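Two chains, each in its own frame: build the complex with the hints.
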Amino acid sequence: MDFALTTEHKMVQDMVRSFAEKEVRPIIPEYDERHEYPRELLPRMAELGIMGICIPVRYGGAGMDYISLGIVSEALEWADASVRETIAVHLALNALAVFQWGTEEQKQRFLVPLATGEKVGCYGLTEPAAGSDVAGLKSTARRDGDDYILNGEKMWITLADVADYMLVFAKTDPEKKHRGITAFMLERGMKGLTTGTIEKKMGVWASNTGWINMDDVRVPKENRIGEEGEGFKVAMSALDNARMTVAAGAAGTIRAVMELSIKYAHERQTFGQPIANYQLVQQMIAKMALNYDIATMLWQRSAWLKNQGVRNTRETSQAKWFATEAAWQAASDAVQIHGAYGFSSEYEVERYLRNAKGAVIYEGTTQIHELMQARYALGWRQDKPIRCELPAYDPDFWQE
Amino acid sequence: MRYLVCIKQTPDTAELPKVKPEEAASGELSIQQVVNPWDEHAIEAALQMAENFGGLASVISVGGEKAIEALRSALAMGCKDATLVENADADAWGVAALLAGAVNHMGDVNVVVTGQMTVDGNSGMVPVAVARKLDWPVLTGVAKVLNVSEDAVEVERVVGQARHTVKVKPPVVLSVIKEIGEPRYPTFINIRKAARVKIPVLSADDLGVTVPPPVVHLSNFRKPPARDAHVQLFDGPADEAAGALIDALLAEKVL
Ligand SMILES: Cc1cc2nc3c(=O)[nH]c(=O)nc-3n(C[C@H](O)[C@H](O)[C@H](O)COP(=O)(O)OP(=O)(O)OC[C@H]3O[C@@H](n4cnc5c(N)ncnc54)[C@H](O)[C@@H]3O)c2cc1C
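Quick mapping for you: the protein sequence lines, in order, are chains A and B. The opening residue of the first sequence carries number 1 in the numbering used here; numbering runs sequentially from there. The opening residue of the second sequence carries number 1 in the numbering used here; numbering runs sequentially from there.
Read the hints as simulated data drawn from the structure, not as lab findings. Predicted model only: the values in this text are computed from it and were never measured. It is possible that some hints are incorrect.
Heads up, simulated DSS-like pairs for lysine-lysine below, C-alpha to C-alpha not over 27 Å straight-line [to be verified]:
(1) K178/B with K198/B
(2) K221/A with K22/A
(3) K133/B with K80/B
(4) K80/B with K20/B
(5) K263/A with K18/B
(6) K18/B with K178/B
(7) K167/B with K263/A
(8) K223/B with K18/B
(9) K144/B with K22/A
(10) K201/A with K357/A
(11) K287/A with K178/B
(12) K66/B with K223/B
(13) K198/B with K10/A
(14) K223/B with K80/B
(15) K357/A with K263/A
(16) K193/B with K22/A
(17) K10/A with K193/B
(18) K22/A with K178/B
(19) K22/A with K198/B
(20) K22/A with K66/B
(21) K133/B with K178/B
(22) K223/B with K10/A
(23) K201/A with K138/A
(24) K384/A with K357/A
(25) K167/B with K66/B
(26) K138/A with K191/A
(27) K10/A with K80/B
(28) K20/B with K263/A
(29) K357/A with K287/A
(30) K18/B with K10/A
(31) K177/A with K138/A
(32) K10/A with K66/B
(33) K223/B with K20/B
Extracted from the complex, chain B is given alone in its bound form (with noise of 0.2 Å):
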């Protein structure tokens, strides 16, 4: 079994505040750049399937020269091994296509796993791209993996208030949630490791994909306004100020 993890490299979501919309439109963020916070559990759901029903885990990313730092991380977290792929000027679509190019290219893939979505893109559109792409099934809001083998992946999905368990026949791409688990801390052996592992670089030619031009363009960026909230406190004995909060609740049409 191979199990490949698509990860993203995002900002890290302490610094969103400060990204400008320019910056953000053009992409080039100055802020400090971490791995998805999804994609974690997704490295770490692949991981978990790895031990825990045999095979590897693989890691990719599509991204710039910043993303092979995301890919450090999750090869310290215990992936095997590593693949970047050049981000030619690609939509969700694009980066959908650009996946399953590798995924066609490596050839022995047998479960891609995602994060919910990303924490800069918010679309939650690649898993299902990819699966598109793939022709393969796709498994979203997945919370838990009951079986892995060569004729089925059984999870367990959270589709609104309900729980579904699932059999599906590999291969497959599942795009996992919070609740498979806590990503794992990275050991110092793999540190050592993938701070000194060579990761390859594979472009849209050498994948034989053709990219397709985006075709979502984001026409406006801006930040919400600022939110007038005001604090009201109510002082003197305690049925007075009782009266005067209930009063104000009604003025405010909460009551």
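This is chain A alone, in the form it adopts within the complex (with noise of 0.2 Å):
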């Protein structure tokens, strides 16, 4: 048992979090405010080796492990929840389904240019009429001959007038439920696909979320991910992979909302001294300390277990409940904190608010895992093996 970091690992978090504090967020609020995504983010995090930090080696990626996916989304929320996102989907939706799904032929021409940040991914499962109910999309995907026809609409995509390669959810099956679904990549510049973006947020403003529209978008085989009908676990699984990155970043959030209530609450004074003086306010802050140990802890843990090739939706799904409604709560005490400078956007901490609320919606709201959590307790829920686990980390294949 070691709840430390390796030397390794401790090295990865310097460089990650000395990238987020010099580079990444004092660039964010300028973004932020004009709802722009800084895209000048992404050929510099493709240089570093942070586009596929987790990709072996030999298919362009920097040949880390797991537990750094976490490290580098926890330092990156730190700066900005919008710069994480890009990273749970480019890289934990879209490139580790790759790996995980993909054949030989496909992760040379997906995986690769995808780990060095040559191209961006997105993901697309969401619909209109579809969000927690996956089974419910409409998409389909037609055969014909070699290829597929695919039609339908996603919405709520991260990245979706950004990515080059989307991995997209379609009924091949339009009469069954879940096994009816295929995943699917399509490229930027098919014909009959296209994308925009969503301009009204809450939160997350300087991400780019947005929709994809398939118009009869021919798609070869080639771009098939998985067999037909496979593409909810497809989808599942690689839910799985970026549940434990905006766990990791939701921890990002607090340390990044408590260092900010800290500071004030040492700064401000209210009947002749500092509020860090009064225990309600006190009780606030132990709660984020608390709180961002525990959210830890569990992407931790979730991380290890990818790490050993031991399935962790159960372990995971925890992980993200728990972190994201944590920092949820953590951001709405740091503005409560601030008072009426929080409630002002010349302070930070309302940012964070803002776009802690989005994590306590995608990838499974609040009330899913809750609800997943209650099968796994009264015995209704177990995983079945799936044709194609995450690959343990082996560091020799990795780094060869």
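Here it is as structure tokens:
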């Protein structure tokens, strides 16, 4: 049993925290205000190896493990959730799904450019009328010779207007529910494929969130990820991968708002003394500190299980559920500690609060995770092995 | 060409205010330690020289076990090898003796690179003292390295308001300033190597150095008293407020 990060992980943490501090957080407020995606960070993150941090070197990645992916997520969301979201969808939802389910040819074709950051990926599951109810999705994929013809609309898709490769899910058998879903990799430029940005959002203004429209998009069968009917499993396993990054990111939010709250509590005086002296203020800060540690232990357990190659749907769901709710609470308390200044966009805490609300909705709402956890606890849910598990981290294979 | 960067593990400046005088006197700090920020620029300088003019950059530190972390950071940034020299109870002159001993021990160092000073010691003496011990020339305030060859090292120095371009025959000691370049981030490949490598530890005996007994003794450690500052706001119509402000400035003899 060992709760400490290894020397290697500490060095990764130093490096990405320094990047987040020097190059990400300072530029965010302006992008956020302009509702603009900070594209300038993409080549920079690619250069540093962040875009493919946990992908084997042989596939263009940096060869680090899943704990490093969590460390990156925590550090980036400390700066802003929007940048962590990029890693979640590009790397965890798209690239890792190709790594897990793709053929060798697909890994060469899609994974390598994704891992090097030459191409950007996104993940299109949600539709205007199907979010939590994944099996109710309406997009269709009709077989036509060696191709499929895709029709439908995807909504609330992070990086919709930025991504080159879009992993989307559509029904090859609309009669069936889960078992009728198949995964496809769409490429920007395909005829009939259009994307757009949702302009009015409560938070993550510096993230690109949008829609994907598929109007008779012809997709070769070489772009099908997994078998026909396996799409639901591809989608859910990808969420297992990304929810860990959401949880780690939420820990980053807690760390950020806790730092801001502590600083402000020392500075702000009421009734002749710093507000840090009041126990009711202390209570909010104490909760942030406790929840940061719990969130950290939960995401690290999830990442550690991934390193071991052990199925972690239950543990990852716990981490995502707890950490995002704790971050939302922490950000709300941080605004409270800042009083009216917290309510002002001159101070950063309100941005963290707006962003934190997104995370209790995406990648499984809090309610969906509660239901899942209840089903595990009641013995109604057991995870069955899937055809392609996420490979356990093996430094020799990853770094060769 | 072999460049040897001398680095020190120092308190994180963000945490410096937490240091208690007793801790500082004993040298046993409980706060976060990092590579001396000035030395990160020295590492960057050595790596740039190795890239631009050929050769390789090595790194060395005089310190305790903790300094291994600093050395690993330098390796992660791209230095090829690292050496830790055990700290004997040494002042700047003693540290210089150990560093010079290590340079002689290595035998093939052409350029020693240091930062301008440390954030804890603040003396800026070590580069000059190392040069003195080695009987090499020293160039301080180096802002830019123009050329390095077997015959000449040419640099731009900042001296007060002026800039000198100076050429010396190596071997030489360079102490660099921030302008030399922003320290690069470590790469993941180097992090992996740096985390695994076993860093050799040498003692004064191994280097054949007799560390001179410290001549500098700090007799009093204390924190400066908190500044007595206050803020005064002038309300009311602009002309009245401005008048009151001018009166106050005159009273404080600012104007
Ligand atoms: C900022 C942002 C980024 C996103 N990025 C992506 C992306 O990149 N790709 C992608 O595919 N999607 C993305 N989404 C969509 C997100 O995953 C969905 O919004 C989410 O799954 C919830 O779906 P919904 O919005 O349709 O809500 P609904 O499913 O309609 O849920 C509405 C409410 O009902 C509750 N509810 C639903 N079913 C049940 C039930 N059975 N029992 C109890 N309560 C229930 C929910 O918890 C929620 O409170 C993003 C969303 C946001 C806000």
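Of the numbered hints stated earlier in the document, which are not met by this structure? 1, 2, 4, 7, 11, 14, 19, 22, 24 and 25
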